[in-house]
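Protein chains in written order, with this note's numbering: chain A, 1 to 270; chain B, 1001 to 1315; chain C, 2001 to 2491.
If you are wondering where the hints come from, they were derived from the structure by calculation, not from laboratory data. A hint or two may mislead.
[As the list claims (entries may be wrong)] Coverage of chain B stretches by chain A, computed from C-beta distances (three or more under 8 Å per stretch; other residues unrestricted):
1) 1011 to 1018
2) 1195 to 1203
3) 1218 to 1225
4) 1269 to 1278
None of the values given here were measured: they were computed from a predicted structure. For every residue, glycine included, the Cβ atom is placed at its ideal position computed from N, Cα and C.
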Amino acid sequence: MRNLILGFALTALFLIGAALSFLWTPYDHTVLEVTNKLKPPTLAHPFGTDQLGRDILSMIMVGARTSIAVAIVAVGIGIGLGVPLGLAAAASRGSWIDEVIMRGNDLIFAFPSLLIAIMITAVFGPSAVNAIIAIGIFNIPVFARVTRGAALSIWQQDYILAARVAGKGTMRISVEHILPNIANLLIVQGTIQFSLGILAEAALSYVGLGAQPPVPSWGRMLADSQTLFMIAPHITLFPGCAIVLTVLGLNLAGDGLRDLLDPRIRRAGL
Amino acid sequence: MLRYIVTRTGSLCLSLLVASVVIFALIEVVPGDPVAFMLGLNAQPDTVAALREELGLNASVLERYFSWVFGLLQGDLGTSYTYRSPVSEIVAERLVISLPLAAYALALTILIAFPAGILPAAYRGRAADVAVMGGTQLGVAIPNFWFAMIMVMIFAINLRWFSAGGFPGWEAGFFPAMKALTLPAIALALPQASILARVMRSALLDTLGSDYIRTARAKGLTKGQALRRHALRNALIPVLTILGLQFSFLLAGAIIIENVFFLPGLGRLIFQAISQRDLIVVESVVMLLVFAVIFVNFIVDLAYAWVDPRLRVQT
Amino acid sequence: MMRPVTFATGMSIALATAFSAQARDATVGMQLEPPHLDPTSAAAGAIDQVLYSNVFEGLTRFSSDGSVVPGLAESWEVSDDGVIYTFTLREGVTFHDGTSFDASDVVFTLDRARGPDSTNAQKGLFANIAGVQAVNDRTVVITLNEPQGAFLFNLAWGDAVIVAPESIEDIKSNPIGTGAFRFADWKQGDSITLVRNDDYWGTPAALDGATFKFISAPTAAFAAMMAEDVDAFYGYPAPENLAQFDADPRFTVLAGNTEGETILAMNNKLPPFDNKLVRQAVSHAIDRSAIIDGAMFGYGTPIGSHFAPHNPAYVDLTGNSAYDPEKAKALLAEAGFPDGFSTTLKLPPPSYARRGGEIIAAQLRAVGIEAEISNLEWAQWLEQAFKGYDYGMTIVSHTEPMDIGIYARPGYYFQYDNLDFQKLMAEFEVENDPDMRTEMLQKAQTIISEDYVNAYLFQLAQTSVVNAKLEGIWADAPTQAVDLTGVRWVD
Chain A
1 MRNLILGFAL
11 TALFLIGAAL
21 SFLWTPYDHT
31 VLEVTNKLKP
41 PTLAHPFGTD
51 QLGRDILSMI
61 MVGARTSIAV
71 AIVAVGIGIG
81 LGVPLGLAAA
91 ASRGSWIDEV
101 IMRGNDLIFA
111 FPSLLIAIMI
121 TAVFGPSAVN
131 AIIAIGIFNI
141 PVFARVTRGA
151 ALSIWQQDYI
161 LAARVAGKGT
171 MRISVEHILP
181 NIANLLIVQG
191 TIQFSLGILA
201 EAALSYVGLG
211 AQPPVPSWGR
221 MLADSQTLFM
231 IAPHITLFPG
241 CAIVLTVLGL
251 NLAGDGLRDL
261 LDPRIRRAGL
Chain B
1001 MLRYIVTRTG
1011 SLCLSLLVAS
1021 VVIFALIEVV
1031 PGDPVAFMLG
1041 LNAQPDTVAA
1051 LREELGLNAS
1061 VLERYFSWVF
1071 GLLQGDLGTS
1081 YTYRSPVSEI
1091 VAERLVISLP
1101 LAAYALALTI
1111 LIAFPAGILP
1121 AAYRGRAADV
1131 AVMGGTQLGV
1141 AIPNFWFAMI
1151 MVMIFAINLR
1161 WFSAGGFPGW
1171 EAGFFPAMKA
1181 LTLPAIALAL
1191 PQASILARVM
1201 RSALLDTLGS
1211 DYIRTARAKG
1221 LTKGQALRRH
1231 ALRNALIPVL
1241 TILGLQFSFL
1251 LAGAIIIENV
1261 FFLPGLGRLI
1271 FQAISQRDLI
1281 VVESVVMLLV
1291 FAVIFVNFIV
1301 DLAYAWVDPR
1311 LRVQT
Chain C
2001 MMRPVTFATG
2011 MSIALATAFS
2021 AQARDATVGM
2031 QLEPPHLDPT
2041 SAAAGAIDQV
2051 LYSNVFEGLT
2061 RFSSDGSVVP
2071 GLAESWEVSD
2081 DGVIYTFTLR
2091 EGVTFHDGTS
2101 FDASDVVFTL
2111 DRARGPDSTN
2121 AQKGLFANIA
2131 GVQAVNDRTV
2141 VITLNEPQGA
2151 FLFNLAWGDA
2161 VIVAPESIED
2171 IKSNPIGTGA
2181 FRFADWKQGD
2191 SITLVRNDDY
2201 WGTPAALDGA
2211 TFKFISAPTA
2221 AFAAMMAEDV
2231 DAFYGYPAPE
2241 NLAQFDADPR
2251 FTVLAGNTEG
2261 ETILAMNNKL
2271 PPFDNKLVRQ
2281 AVSHAIDRSA
2291 IIDGAMFGYG
2301 TPIGSHFAPH
2311 NPAYVDLTGN
2321 SAYDPEKAKA
2331 LLAEAGFPDG
2341 FSTTLKLPPP
2351 SYARRGGEII
2361 AAQLRAVGIE
2371 AEISNLEWAQ
2381 WLEQAFKGYD
2391 YGMTIVSHTE
2401 PMDIGIYARP
2411 GYYFQYDNLD
2421 FQKLMAEFEV
2431 ENDPDMRTEM
2441 LQKAQTIISE
2451 DYVNAYLFQL
2461 AQTSVVNAKL
2471 EGIWADAPTQ
2481 AVDLTGVRWV
2491 D
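Just chain A, with the same shape it has in the complex (with noise of 0.2 Å):
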């Protein structure tokens, strides 16, 4: 429960600074005031100035925004088609339905993610878009592997089977069977695709391809702070934890939720 509250408190504060950044920051993150560079964190600039004298609370609750949205997206685009897949997989086991999926699946997954990303801002140029569909793409095998895996081992349970000689279908059996029991595989494996999600977004703008300047992305902010923050650590220091911190709010969250929704594992304490 502790994990929960913790989870649910960090999330809310990155999910307030963000909306909140929508109406107010204490600074507009677009003005430079190079003369009021590096300066360390102060009553007027509670997180210091960075290299170009923009003040970073507002560039880091402005960046919450591109992070929650590459994310999220990234995600929903992973569960909606990779779920499906991975269910209709494990139904179909050893068909050429099967086979078909899951050769998809590693392909897709066989090529390495953030050479794609690479290639695909070479192709359309660097955007919080093609960020998204980058992060987006790689986790649908992730989600159909996950499903699948999971969903082979339900099938051998007896009660499916005595399911199955009730007379339902394949697809109902998945939907009401399969899917509630691999239910907390799935927000294990959601929390940590979305926190991956804020992590791989944070990576792909460190290496310059994703949201464009001005508007501030954390993985940028690391970036441009590299070769400075053994003179000005803030820099460095506040945009990496709040990475830190959102990734682990979201995953305490997910833990917790998980540990509250699925009695199974409690009784499971032995």
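Fit chains B and C to the given chain A structure using the hints.
Just chains B and C now, with coordinates in the frame of chain A:
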């Protein structure tokens, strides 16, 4: 089992064929001319034409595709436009860094993840569980390039325990070489190990909750025995899934880490090749990576079939 | 990639270092790695940085202050009409493979560079050559189509170094030159090693050998320097760290001149930049000191035209485009854009462009111009901006020495088409009188400054961090070269 292997091999080949078309097509549409990049701003049109001819860039798309694929089948990866040496030689030079790095990181991942996954499952809710899980939470949450930057600052610049990066080469001796790979391997392994440990714990708890374990417990097995004899083997399925996924990350996903530690590995080679539009290098190396991953997945699938004999039965 | 010859020399370095009590080698960090090792067939500056003057030499060469001095030609005579150059070559020069250097090598080199199959990236340097003849082993006569004031200067470029027909086949992986260092080993992706050439014709190098280590990431460069993994970092990529190195007694920071005019280029044929008032408005909207301060941490000299401030012919024209946002707004209104306009700002990878671009976008926003930033790789930049004219504005540093002539090329990417200027440059090309040349250059600077072709930002500084005990690294960068022939350790 034999029939299973045969079908899987067939689909392996088909996958590779599809992959070669996808890779080639993707690279064809990437705008940018390697020759323009190589000759710079003052190049004269006749110089550009001469170099294009020299590199064989004037052939048609189909001609280039087939000569590339037939080359691949004979083990010829082509000749790099910018380096002007055989791609296979360049790749071999990079692989002696990337493969050991991936293996090192994978070993660290397993070494950290197995105890870190089993311990909390065995002592669920106790202090060990809370501490280890808290640690893995942090490990998952830290961007590995940021973690790498911080490690460089602490261990290389302040403490001077490691060099800040670079690779002395294996001819400098095994230990100096491994030492140079240690920080990068840790940076790569930490998030992977944390993910794996979490999956492992959750998979173990899942199986520990299932009926057959309770039956086994009822028959008088201790918790440890139940864990060792039954739960672990079943929990290996999701763990193997994740490990299979992680391999590709460790091999190709090391680009950023290779850049932070300026290791001349495969990831950095492709990164440079893309920006220099050394397309033949990109094509061949991506194909090689795709092959490696598809092949590893193939092995993982066979391992599934071994762990769970029911999976190899065709329905 | 370990070639037998390489392996042997690699062994000898290892032995040499093992026996000398004190390391007499130097490791020099650089940001970019050469794609291959032939300076005469690629534009990559990294090739010259490693090999120019160290391994390969030309008939003439640049000295550390940028002046042209004798290289493999010990002297020359120019005919009165300025079209016949007679070079006398040095005696007793051999290539590193033992073959001797003579006039036939000069003929071979120049004919190869200007021939129909040439892949020389600066083929234009040789365009004026009508013929090259070896009179005897030590005399070469070069005939020009017309007089050319900059001919000796052109021969000093890295693209004009002398190569031998005996070793041309493998030059890309095993360069054989006449310089004070021999090529020893290339660990691709990591480093290139040179060793001293004990048979050198001139003053032998003080260093036993040198290793160029390629470190592209600024963090890694910082770490390598701080940990003293490298003895010098030539062209240190992150000016923000220089203050820290400067304060550290272990290091010396060298800040010198480069030939890199950094400009905000505008697409002169694309509306609204076809309107001089708009270009003038952009120029006045930009605060150079904020850019130099913010993007380069103070390293850089403001320029008001496309010309290097350390050149004797330089005129300070920064006043033409002084920072004045109110004037910029007024000019925009006069040009018919009272509410400003939107355009693109395409930025190549170097940090002067990326950081400078963010600052410029903010400054332009203040006068009503919305510049949408897109960060491009070089290949994309070449395709879109340079070749395709598909850009509004871009930031580039033009690092070739004395390149004001690009403004006489209407097809050049900023598409400036001024007949008067083109005529002036054509006259300049054939002018031999130094005073006249200076006057013409000054006139050229003024024309493009007053036409506001581009917004001229600053002269890129050459910043290097060097171990305090290492002496002789060039502070200035008159050409792309890390000349190690005069570098030595002092204790």
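Outcome of the hint check:
1. Counting residues of the region 1011 to 1018 of chain B whose C-beta sits closer than 8 Å to any C-beta of chain A gives 4, which meets the bar of three, so the coverage hint holds.
2. Here's how the region 1195 to 1203 of chain B fares: 4 of its residues keep a CB closer than 8 Å to some CB of chain A, so the rule of at least three is met and the hint holds.
3. Counting residues of the region 1218 to 1225 of chain B whose beta carbon lies closer than 8 Å to any beta carbon of chain A gives 1, which falls below the threshold of three, so the coverage claim is violated.
4. Residues of the region 1269 to 1278 of chain B lying with their CB closer than 8 Å to a CB of chain A number 3, which satisfies the three-residue condition for coverage.
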